[in-house]
Amino acid sequence: MSESELAVIKPEALKTYIWLQCFDGSIQQVEEEVAMFCPMICREIVKNGTGSSKNHAIALPERVNPASLSLILDYCRFHQVTGRSNKERKSFDEKFVRIETEKLCELTSAADSLQLKPLVDLTSRALARIIEGKTPEEIRDIFHLPDDLTEEEKLEPLKNINDDPRIRLLNRLYAKKRKELQERHERQKLKDVQVQKEQKDERSLDELLCFINGDGGSGGRATKSKKKNKRRKDHAKNPPKADSEPLDANPDMQDDAEYPFEDADLDDGLDPAMKEELDREVEDFARRLNSVWNESHIGGNGPVQRFSGFNHR
Amino acid sequence: MELLCPSAKRRRSEDLAAGEPPPRATEATEAANLGPTTHSEEPPPPPDAGGGGGGGGGDVDRISGLPDAVLGEIVSLLSTKEAGRTQILASRWRHVWLASPLVIDGRDLCTKPKGLRDDKLFTAVNEALASAVSLILSAHPGPGRRFCVPPHYLHDRPATVDAWLSSPALHNLQELDFWEGKHMTHRYDRPYPLAPPPASTFRFSATLRVATLSKCELPDSSVEGIHFPHLKQLGLENVSFSEGSLHTMISSCPVLECLLLNDIFGVGCLRISSNTLRSIGVGTDSYCCRDNLQLLQEVIIVDAPCLERSLCLGSFKPTNLTIISAPKLETLGCLDDDCFERTRLVFGTIFIQGLKVVSLTTTLSSVKTLAVASYSINLDMVIELMKCFPCLENLYIKSYISGEMNRWRRKHRDFIKSSYIHLKKIVLMYRGIRSQINFASFFLLNARELELMRLKVGNTNYNEAFFAEQYGMLQMEKRASRGARLHFTNKTCTHRIHVNHVRDLSVANPFECTE
Numbered sequence: 001m002s003e004s005e006l007a008v009i010k011p012e013a014l015k016t017y018i019w020l021q022c023f024d025g026s027i028q029q030v031e032e033e034v035a036m037f038c039p040m041i042c043r044e045i046v047k048n049g050t051g052s053s054k055n056h057a058i059a060l061p062e063r064v065n066p067a068s069l070s071l072i073l074d075y076c077r078f079h080q081v082t083g084r085s086n087k088e089r090k091s092f093d094e095k096f097v098r099i100e101t102e103k104l105c106e107l108t109s110a111a112d113s114l115q116l117k118p119l120v121d122l123t124s125r126a127l128a129r130i131i132e133g134k135t136p137e138e139i140r141d142i143f144h145l146p147d148d149l150t151e152e153e154k155l156e157p158l159k160n161i162n163d164d165p166r167i168r169l170l171n172r173l174y175a176k177k178r179k180e181l182q183e184r185h186e187r188q189k190l191k192d193v194q195v196q197k198e199q200k201d202e203r204s205l206d207e208l209l210c211f212i213n214g215d216g217g218s219g220g221r222a223t224k225s226k227k228k229n230k231r232r233k234d235h236a237k238n239p240p241k242a243d244s245e246p247l248d249a250n251p252d253m254q255d256d257a258e259y260p261f262e263d264a265d266l267d268d269g270l271d272p273a274m275k276e277e278l279d280r281e282v283e284d285f286a287r288r289l290n291s292v293w294n295e296s297h298i299g300g301n302g303p304v305q306r307f308s309g310f311n312h313r
Numbered sequence: 001m002e003l004l005c006p007s008a009k010r011r012r013s014e015d016l017a018a019g020e021p022p023p024r025a026t027e028a029t030e031a032a033n034l035g036p037t038t039h040s041e042e043p044p045p046p047p048d049a050g051g052g053g054g055g056g057g058g059d060v061d062r063i064s065g066l067p068d069a070v071l072g073e074i075v076s077l078l079s080t081k082e083a084g085r086t087q088i089l090a091s092r093w094r095h096v097w098l099a100s101p102l103v104i105d106g107r108d109l110c111t112k113p114k115g116l117r118d119d120k121l122f123t124a125v126n127e128a129l130a131s132a133v134s135l136i137l138s139a140h141p142g143p144g145r146r147f148c149v150p151p152h153y154l155h156d157r158p159a160t161v162d163a164w165l166s167s168p169a170l171h172n173l174q175e176l177d178f179w180e181g182k183h184m185t186h187r188y189d190r191p192y193p194l195a196p197p198p199a200s201t202f203r204f205s206a207t208l209r210v211a212t213l214s215k216c217e218l219p220d221s222s223v224e225g226i227h228f229p230h231l232k233q234l235g236l237e238n239v240s241f242s243e244g245s246l247h248t249m250i251s252s253c254p255v256l257e258c259l260l261l262n263d264i265f266g267v268g269c270l271r272i273s274s275n276t277l278r279s280i281g282v283g284t285d286s287y288c289c290r291d292n293l294q295l296l297q298e299v300i301i302v303d304a305p306c307l308e309r310s311l312c313l314g315s316f317k318p319t320n321l322t323i324i325s326a327p328k329l330e331t332l333g334c335l336d337d338d339c340f341e342r343t344r345l346v347f348g349t350i351f352i353q354g355l356k357v358v359s360l361t362t363t364l365s366s367v368k369t370l371a372v373a374s375y376s377i378n379l380d381m382v383i384e385l386m387k388c389f390p391c392l393e394n395l396y397i398k399s400y401i402s403g404e405m406n407r408w409r410r411k412h413r414d415f416i417k418s419s420y421i422h423l424k425k426i427v428l429m430y431r432g433i434r435s436q437i438n439f440a441s442f443f444l445l446n447a448r449e450l451e452l453m454r455l456k457v458g459n460t461n462y463n464e465a466f467f468a469e470q471y472g473m474l475q476m477e478k479r480a481s482r483g484a485r486l487h488f489t490n491k492t493c494t495h496r497i498h499v500n501h502v503r504d505l506s507v508a509n510p511f512e513c514t515e
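Protein chains in written order, with the numbering used here: chain V, 1 to 313; chain A, 1 to 515.
It cannot be assumed that every hint is accurate.
[Unchecked claim] Below 27 Å or equal to it, Euclidean Cα-Cα: the simulated DSSO-like pairs (lysine-lysine) are:
(1) Lys356/A with Lys95/V
(2) Lys87/V with Lys425/A
(3) Lys54/V with Lys15/V
[Said to hold, decoys possible] Label pairs and their calculated CB-CB ranges:
(4) Val507/A with Lys134/V: 25 to 31 Å
(5) Val81/V with Phe122/A: 49 to 55 Å
(6) Pro193/A with Arg77/V: 57 to 63 Å
(7) Ser52/V with Ala206/A: 41 to 47 Å
(8) Leu452/A with Lys95/V: 18 to 24 Å
(9) Pro191/A with Val81/V: 41 to 47 Å
[Claimed, not checked] Covered stretches of chain V, going by a simulated chain A footprint (3 or more residues, C-beta under 8 Å):
(10) 100 to 106
(11) 122 to 135
By construction, these hints were calculated from the structure, which means they are not laboratory data.
Please read all numbers here as calculations on a predicted model, not as lab measurements.
Yeah, the Cβ is synthetic: ideal placement off N, Cα and C, and Gly gets one too.
Just chain V, same shape as in the assembly:
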């Protein structure tokens, strides 16, 4: 677009436009209500009166490059519209930050210099999500960070933690437990198929019983959400190995280099969905027992049916 074309007033430009200039000299024109969404730009317009014409374009901070500016204006353009639902905005935001990491960093920088806090928060969260769960090498790789700390400097923050005797004891116990479970896992693998079958059979039998008794629904394990975990049914597991292995210090310490606590995947070898089911079954059972127990205690006002074991009307 040449400058003269820009100057031509088109019918829809009953809107006011604001002129913005990036550090590299490029000038951009944007609707006023969109630009005003940025606090820094808003202040410039209101206090200093700049931006109303090309010659008096608002000088944007260094950290705002044209690519980031264009993204920021898209963001402003979407969010400054009042009618949108929270769901829409959230959806837009989620898609908005799905860009290359490099661009994301630049965008964060630009948004920060324009003091557009909601966008800074959004991009910060996105960057945090990228960093979370990665090793330092991976993080350095993604963000091209220089690996400029000495080995000493790297170990320093963790030194105190790794020296703590209680933490070392825990790591030793974790390692031991992991070995136990590894062995149990080998044995469990052979029994797995059989166990699965057992579960299925049990459930349909239960349903049948209820059906026969003429009542609706233990067909489904409808249970409440619980924040707390429950004991598993014992039949699905082998008893843990006896505590007879000696504690050895060195091999366990190897993994402590990065951080003291290891994510001990102390799994029983059962598929997690299955585990939750079992937990809930136990809880259900306990609850039913409790309610039956309470009724017989109080002397019960309800119909006689209620006292018959599992049946719940």
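Use these hints to put chain A onto chain V, whose structure you have.
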């Protein structure tokens, strides 16, 4: 700013001195064309200096140039472990964690193994966690953003907790949680006597935004005279109050939006009036029984003009709910008839016991989302509930329908003729038995606004043949709403409600499984 090692290259030294990196535009073009960009005269970095950040032109570090405040914010969003780990990323990052608001979440620091029954391991885990927390607190200058430790620490090591809460690292703390999440251990232990938390707990009353207090006692003396001017979310689990102290506590939170009450003792009835409350969750749990203390079983919402969600978190014992005025109440559930003494719900003139509508004079048209669960749920029950909430749009059936045939053509002919069903979304667990087919087809054939019927099926039925068969059985070709879709899923999460922490009360729809 510390001295950089000679190997730290590119414009890093200038960056840090100026506080801002030079214009990106020029650098971008240069990088594309030329190769390594250096404004300094020094030679490109030796090959071993960059862990991946090698001499390639496009590999520029764009994140370290962000101002400290922003990097600090990013680090404070990481889990406790990761946040501490950023210290060893690079020299620029070495002090970011120390300068950012501190987040300590006990669950991040060490994963407690599930189904923990090994006492030795349990003790070791807790000892180690306590050590780690102490170390982190002594290393960090503050301020504090979030502090979360298991509630049993209040009983097991109260002096340590007091020391932690008094530490300068937690200065201006915004979120305090005595909470453990899903992995609570030693579930079946006898409950220990509850004691007041250390006085230092209330040191942050002026800055707290989110707080969860559990396994403690809050008598009048603890809460008197304390104000929580910024507290928006308050969770109270397994807490014992005196008759007046619960009320005092809630009244001292002028901007409270979310309130979670689980296993509250010492008070039988709670009356709430709040101009700001948006979401309330109430429940009882069989494993926290205390025979010598009165259990909160009656909640009366006298006036809550902003209340949108009233949620039942679990009913070992019923928590009767009476709502006198909550004109914006939109989400209700999960209603159940688990306990022998059915939960009593009163909304104005609507009286519901368990899942049975006992009486109805004036309907509640604000309610749009409802979740129900029962061992013997049937269509009649659901239709009665729909009569109470005529504008219902989302219905979640959180238990299997079976038993009664649910025949409706003759029985509910009048209802179909006289009422307009506004339902848009129905979610139910499905096996394809006759009672379920009848139930589902009632809605498919009569709900003219229906958009989605989600059927949760088991893995054996999760196949195209079954879907095709059900399409026919449910008479989809005769559906009342042309836009209605059948969606089969094998993700059968049987959680009735997804609320573990008071924060979850702010989720618009807690019945949706988001995993």
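So, going through the hints one by one against the coordinates:
1. Lys356/A with Lys95/V: 44 Å, violated
2. Lys87/V with Lys425/A: 17 Å, holds
3. Lys54/V with Lys15/V: Roughly 16 Å separates the two Cα atoms, so the pair holds.
4. Val507/A with Lys134/V: 25 to 31 Å: Hint holds: Cβ distance 28 Å, inside 25 to 31 Å.
5. Val81/V with Phe122/A: 49 to 55 Å: Since Val81/V and Phe122/A have Cβ atoms about 54 Å apart, the given range 49 to 55 Å holds.
6. Pro193/A with Arg77/V: 57 to 63 Å: Since the Cβ atoms of Pro193/A and Arg77/V sit about 60 Å apart, the hinted range of 57 to 63 Å holds.
7. Ser52/V with Ala206/A: 41 to 47 Å: Holds: the Cβ-Cβ distance is about 45 Å, inside 41 to 47 Å.
8. Leu452/A with Lys95/V: 18 to 24 Å: Check passed, 22 Å falls within 18 to 24 Å.
9. Pro191/A with Val81/V: 41 to 47 Å: 53 Å, violated
10. 100 to 106: holds (count 3)
11. 122 to 135: holds (count 7)
Violation of the numbered hints given earlier is confined to hints 1 and 9; the remaining hints are satisfied by the structure.
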